[in-house]
Amino acid sequence: MILNVESDPAARESVRPADFFEIAGGSVIGSYHRHVGRNYQDAARWITEPAIIAAVADGCGSAPHSEVGARLGAGLLVEALRRRVRILDEADPATILSVVRLDMLDTLRRLTGELSDSTESALAAVQEMFLFTLIGAVITARRYFCFAIGDGLIAIDGRVRVLEAAENRPSYLGYGLVTKAEAISSRFEIHATGGTESLDSILIGTDGAAPLVAVCDQNGGISRFWKEDRFFRHPHAITRELNRINMASPRPGRAVERLEDDTTLVVMRRRV
Amino acid sequence: MSSQTNNADDLLKGALDDGDLSQASFTAITINADIGAQIQAGLGISPDDVPGSEVVLVTIMPDDSGSIQFAGNAGAVRDGHNLVIESLKKSKQNADVLVHTRYLNGLVLSPYRPLEQAVLLDKHNYNPGMSTPLYDQTVVLLATVLAKTRELEQNGVPVRTVTLIITDGADCHSVRQSAASVRPVIEDMLRMEKHIVAAMGLSDGQTDFKQIFREMGVPDQWILTPRNSASDIRKAFHVFSQSAVRVSQGAAASLKLGGFVN
Chain A
1 MILNVESDPA ARESVRPADF FEIAGGSVIG SYHRHVGRNY QDAARWITEP AIIAAVADGC
61 GSAPHSEVGA RLGAGLLVEA LRRRVRILDE ADPATILSVV RLDMLDTLRR LTGELSDSTE
121 SALAAVQEMF LFTLIGAVIT ARRYFCFAIG DGLIAIDGRV RVLEAAENRP SYLGYGLVTK
181 AEAISSRFEI HATGGTESLD SILIGTDGAA PLVAVCDQNG GISRFWKEDR FFRHPHAITR
241 ELNRINMASP RPGRAVERLE DDTTLVVMRR RV
Chain B
1001 MSSQTNNADD LLKGALDDGD LSQASFTAIT INADIGAQIQ AGLGISPDDV PGSEVVLVTI
1061 MPDDSGSIQF AGNAGAVRDG HNLVIESLKK SKQNADVLVH TRYLNGLVLS PYRPLEQAVL
1121 LDKHNYNPGM STPLYDQTVV LLATVLAKTR ELEQNGVPVR TVTLIITDGA DCHSVRQSAA
1181 SVRPVIEDML RMEKHIVAAM GLSDGQTDFK QIFREMGVPD QWILTPRNSA SDIRKAFHVF
1241 SQSAVRVSQG AAASLKLGGF VN
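Line by line, the protein sequences are chains A and B. Counting with the working numbering, you get residues 1 to 272 for the letters of the first sequence. Counting with the working numbering, you get residues 1001 to 1262 for the letters of the second sequence.
Heads up, a few of these hints could be off.
Which residues of chain A face chain B? A partial, calculated answer using Cβ under 8 angstroms [stated by the list, open to error]:
(1) Thr112
(2) Arg240
(3) Asn243
If you're looking for bench data, these hints aren't it; they were derived computationally from the structure. A virtual CB, placed ideally from N, CA and C, is assigned to each residue, including glycine.
All chains should be built: construct the whole structure from the sequences, respecting the hints.
Written out as structure tokens, the structure is:
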């Protein structure tokens, strides 16, 4: 069924994206992270009411406790957008995200202040915990938009875009907490917008998901995550599939592709 | 969700091909022409129907030989088995617990089922009076643990296991296996660092259970030898139940470094 709320604004109020889209997510600790005993540093959060809002976050690999920030960041982003649900349909996404960014930085700044007693210790807290990338997606009755700070993966209706970081140094929202030049690169970048009525699927993923494009090739490609019903029938189906990839045993003559980095996916697709 | 449901033979062959099972273990297991059906009887719930993202397999083999009844220990074994189940139910787990109970003489009381559906022993379903094929049935039991582990892992579900073998006498009536043929199976399992194999020998006044279990490959720290009294037997089950609870709560160290703490 196609959502068409343009001609009937009243209908927009009653249309729930969750009636037409289903969502699933999963995550796995990277094989390299497991091997060296590094913490799992990804996070994901999503809601389906009153709009579909999803976020994945990836903590900075070299920071000892960036998983704290990743979890906080994914949650803060989703909640900040949820509080602004009334304008998600109308306002310019860049403006919305600019306000959301300031909202999140304000919260993180207060937390950093609670955790430190000097500028130096505050900076240390940011570097230890609050450097993380963010990829997000919003689907309302009328439109959708996808955005990111940092690297990762976005796929809209089968068109995959790998967001790469220059010199493997992604942007982090947390740079907005410091006064260095990097603060400029801590802003959200819009990667896709469009009308919901023509949308079929969105996949967002942390940068660990980029190899999935190759790893999944012999099994139907990364598109299996939005094409195969099974991933929406069991709450851990995507996690299990990612686990299966990383648990495959090597055999003579057969190389095994593994997901070395923590990998998190959230997939939204039109209900069949 | 489509699952890769393989029969038991395929699961074991795959474990051999991937190096999880040594040839010695594979030979010991498959020398029994009926092993496939015996394992299948214990596999139970399909991976598709397991709601969680991680699983702990708790497997118990109570001795159902006549000497248990003769020594007056049937009640203690019943209570002990049920104590393990109840302890797990009361504890907070961070993984789905699947329970499988198979008697020493091969009867499957319940294949792998979610903890809340585990069958408790009572006077009707546990009335010991048979023999003691310890080695034969230990291989069947452990092969079932291995097959279920592999079935879940092939579906992307990480697994840890804890298994308890209970006997009140030395082996009697095994026809295919010996302590020496059981040993490589346990050694392979321990090498994977996701399995605990524990053994409890209920004293009969003459059997050196530590020697028997050591020959089978059970590490010393996972051997219990309670005296032949109901209270001692119940205490031993309590010790095992605490280990099972720790594993279900995600204490990875309990797999590598642990043992019974009396």
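- Give me the numbers of the hints this structure contradicts, sorted from smallest to largest. Failing hint: just 1.
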